[in-house]
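Student: Please put together the full structure from these sequences, using the hints given.
Residues per chain, in single letters:
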Amino acid sequence: MTRSTRIVCTRWGVSLGLILLLEAACRSGVVPTLAVLPPSEMFAAMLELLSTEEVLANVAATFSTVAVAFLAAVLIGFAAGVALHGLPRFRRAIDPLLASYYSVPIFVFYPLLVALFGLSALPLIAIGFLAALPAMLIATLLGLDRVPPVLRRVARMHRLGSARTAALVILPAALPNLFQGIKLSLAYAFIGVIAGEFILSGGGLGYAIAYAYESFDNRTMYGLMLFVLLSAVISNTLLSTWESRLQRRRWRA
Amino acid sequence: MTETAAHAVLRGVTRVYPGTSQVHALGPIDLDIAKGEFFSVVGPSGCGKSTLLDVLAGLNPPTAGTIAFEGEPVAGSVPDGVGVVFQEDASFPWLTVRDNVAFGLRRLGMDAAEVTRRVDYAVGFMGLADFAGAYPAQLSGGMRQRVCIARTLVLQPRLILLDEPFGALDQQTRLLMGDELLRLWRETGATVLLITHALDEAAMLSDRVGVMSSRPGRFIDLVETGWPRDRDSRIVSDAAFGAITARLWSSLRTESMKAIGRG
Chain A
1 MTRSTRIVCT RWGVSLGLIL LLEAACRSGV VPTLAVLPPS EMFAAMLELL STEEVLANVA
61 ATFSTVAVAF LAAVLIGFAA GVALHGLPRF RRAIDPLLAS YYSVPIFVFY PLLVALFGLS
121 ALPLIAIGFL AALPAMLIAT LLGLDRVPPV LRRVARMHRL GSARTAALVI LPAALPNLFQ
181 GIKLSLAYAF IGVIAGEFIL SGGGLGYAIA YAYESFDNRT MYGLMLFVLL SAVISNTLLS
241 TWESRLQRRR WRA
Chain B
1 MTETAAHAVL RGVTRVYPGT SQVHALGPID LDIAKGEFFS VVGPSGCGKS TLLDVLAGLN
61 PPTAGTIAFE GEPVAGSVPD GVGVVFQEDA SFPWLTVRDN VAFGLRRLGM DAAEVTRRVD
121 YAVGFMGLAD FAGAYPAQLS GGMRQRVCIA RTLVLQPRLI LLDEPFGALD QQTRLLMGDE
181 LLRLWRETGA TVLLITHALD EAAMLSDRVG VMSSRPGRFI DLVETGWPRD RDSRIVSDAA
241 FGAITARLWS SLRTESMKAI GRG
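Chains A and B, in that order, are what the protein sequence lines are. Take my numbering: the last position of the first sequence gets the number 253, and nothing is skipped along the way. Take my numbering: the last position of the second sequence gets the number 263, and nothing is skipped along the way.
Everything labelled a hint here was simulated from the structure, so no lab data went into it. Worth double-checking, as some hints may not be accurate.
FRET-style restraints, in silico, Cβ to Cβ [as the list claims (entries may be wrong)]:
#1 Thr-173/B - Ser-244/A: 30 to 40 Å
#2 Arg-11/B - Tyr-102/A: 54 to 64 Å
#3 Leu-230/A - Ser-45/B: 56 to 66 Å
#4 Glu-224/B - Pro-149/A: 27 to 37 Å
#5 Thr-10/A - Pro-61/B: 54 to 64 Å
#6 Ser-45/B - Gly-13/A: 52 to 62 Å
#7 Gly-189/B - Ala-67/A: 53 to 63 Å
#8 Tyr-17/B - Phe-90/A: 17 to 27 Å
#9 Val-8/A - Leu-169/B: 34 to 44 Å
#10 Ser-244/A - Ser-45/B: 40 to 50 Å
#11 Gly-86/A - Thr-173/B: 35 to 45 Å
#12 Tyr-101/A - Leu-222/B: 56 to 66 Å
Quantities reported herein were computed from a predicted structural model and do not represent experimental measurements. Backbone N, C-alpha and C define an ideal beta-carbon position, used for all residues, glycine too.
Tutor: Rendered as structure tokens:
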């Protein structure tokens, strides 16, 4: 068994062990089922819920909101990072703002966003976007900072213009950091949108979980929570797999 | 040097780094490097050796003076026929050895068969044939530097500029890499300018060694070694080798003391 296989087996073993432990604790009454459902029931509830039109509509609403917020944050965050990297004086001026960004509870701006965009998906997209944007921006800055200067000199030695230098040298060299930014942006967009729906919205998965919670409907609440958890883990795993494949890939222009 | 035409000519070359506290890094320098010559530059730390390479390569413009390569002025960009090997690991970590070496040729839009032929030759020449599909992270420091040399060699430069390419390697590997470099020089017929801080390396490899003063760097001595063209690292046991190294150190000692503030 190789080292990486052992690591994967251990990871799965620990996860399954914890699930089985919770299952046993719930079934034996150590953990009251009024507070926590056994994982097997959560899973069954999730499957049932995913066959109802109402939940599917909530899933579609949340995922489309997350997708728009995430894509906008990645594109605009990358562009802003590149621009800011090219303006070192301006960057020095706003660096403290970037560093303290995540200490601001962006949800307090929801009323303002509703006033600006109305009662639509836009305020939630804005919340997801604002949560995800700095991760991509900071990762882009970090990636560009970490490109070894000698690689730019190699590009000059090969007489590459600015565009080819960016595409063939800078971008591949910065890619590991850019991917970290993409992964974090997805996670923050997801958190921002779900939390926004939970607190402030009248639709989406976050709202459905909050509604089930207020109605003491544990089965729905845990079924949806499990679905959100699995969605986050699966999307992150897919991005990580893509990242490793790209890292191994031979880059030809 | 006088029997062959000058391949690169520097006249009054000066480099001053602008800013609130201007730094006069180099010059004025006058130098003729003959076609096919192996010329090394030694000097104290911070004397402007790498600056000299940068201005000769066209990577930085001189503040004053002129540089010509094959009779054409070098102005603001790396001239055709000039290849540079840098001190740092400059291999592209996302490319295999083969793709690293082919990088420059593909940019030139060369025919794929010709790219393959040249890459195969360069990879084989640098002893990397068994690692052609490996990534730089899988190679040792010396092998990565060989990848960078192969990437420059494959472009068939007529002037090869090397900025302390073996600086990060151990002594034994440096001696062997020196042999590789001499073989490359003989087989390609290229002119070589090597920047190094190692006096023994300069004495072993070069036809001529330029000794630079502390900043601003100027040539204070030019030492002809008189080695035959088919030399290799075994000349370190030659009696003349010690004499050459001693002369280099004698020229350099006072300048090195100045560079560390004891002059």
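Student: All hints, please: hold or fail.
Tutor: Status of each hint after checking the structure:
no.	hint	result
1	Thr-173/B - Ser-244/A: 30 to 40 Å	holds (32 Å)
2	Arg-11/B - Tyr-102/A: 54 to 64 Å	holds (58 Å)
3	Leu-230/A - Ser-45/B: 56 to 66 Å	holds (59 Å)
4	Glu-224/B - Pro-149/A: 27 to 37 Å	holds (36 Å)
5	Thr-10/A - Pro-61/B: 54 to 64 Å	holds (58 Å)
6	Ser-45/B - Gly-13/A: 52 to 62 Å	holds (55 Å)
7	Gly-189/B - Ala-67/A: 53 to 63 Å	holds (60 Å)
8	Tyr-17/B - Phe-90/A: 17 to 27 Å	holds (24 Å)
9	Val-8/A - Leu-169/B: 34 to 44 Å	holds (38 Å)
10	Ser-244/A - Ser-45/B: 40 to 50 Å	holds (42 Å)
11	Gly-86/A - Thr-173/B: 35 to 45 Å	holds (40 Å)
12	Tyr-101/A - Leu-222/B: 56 to 66 Å	holds (59 Å)
Comparing the model with each numbered hint stated earlier shows that all of them hold.
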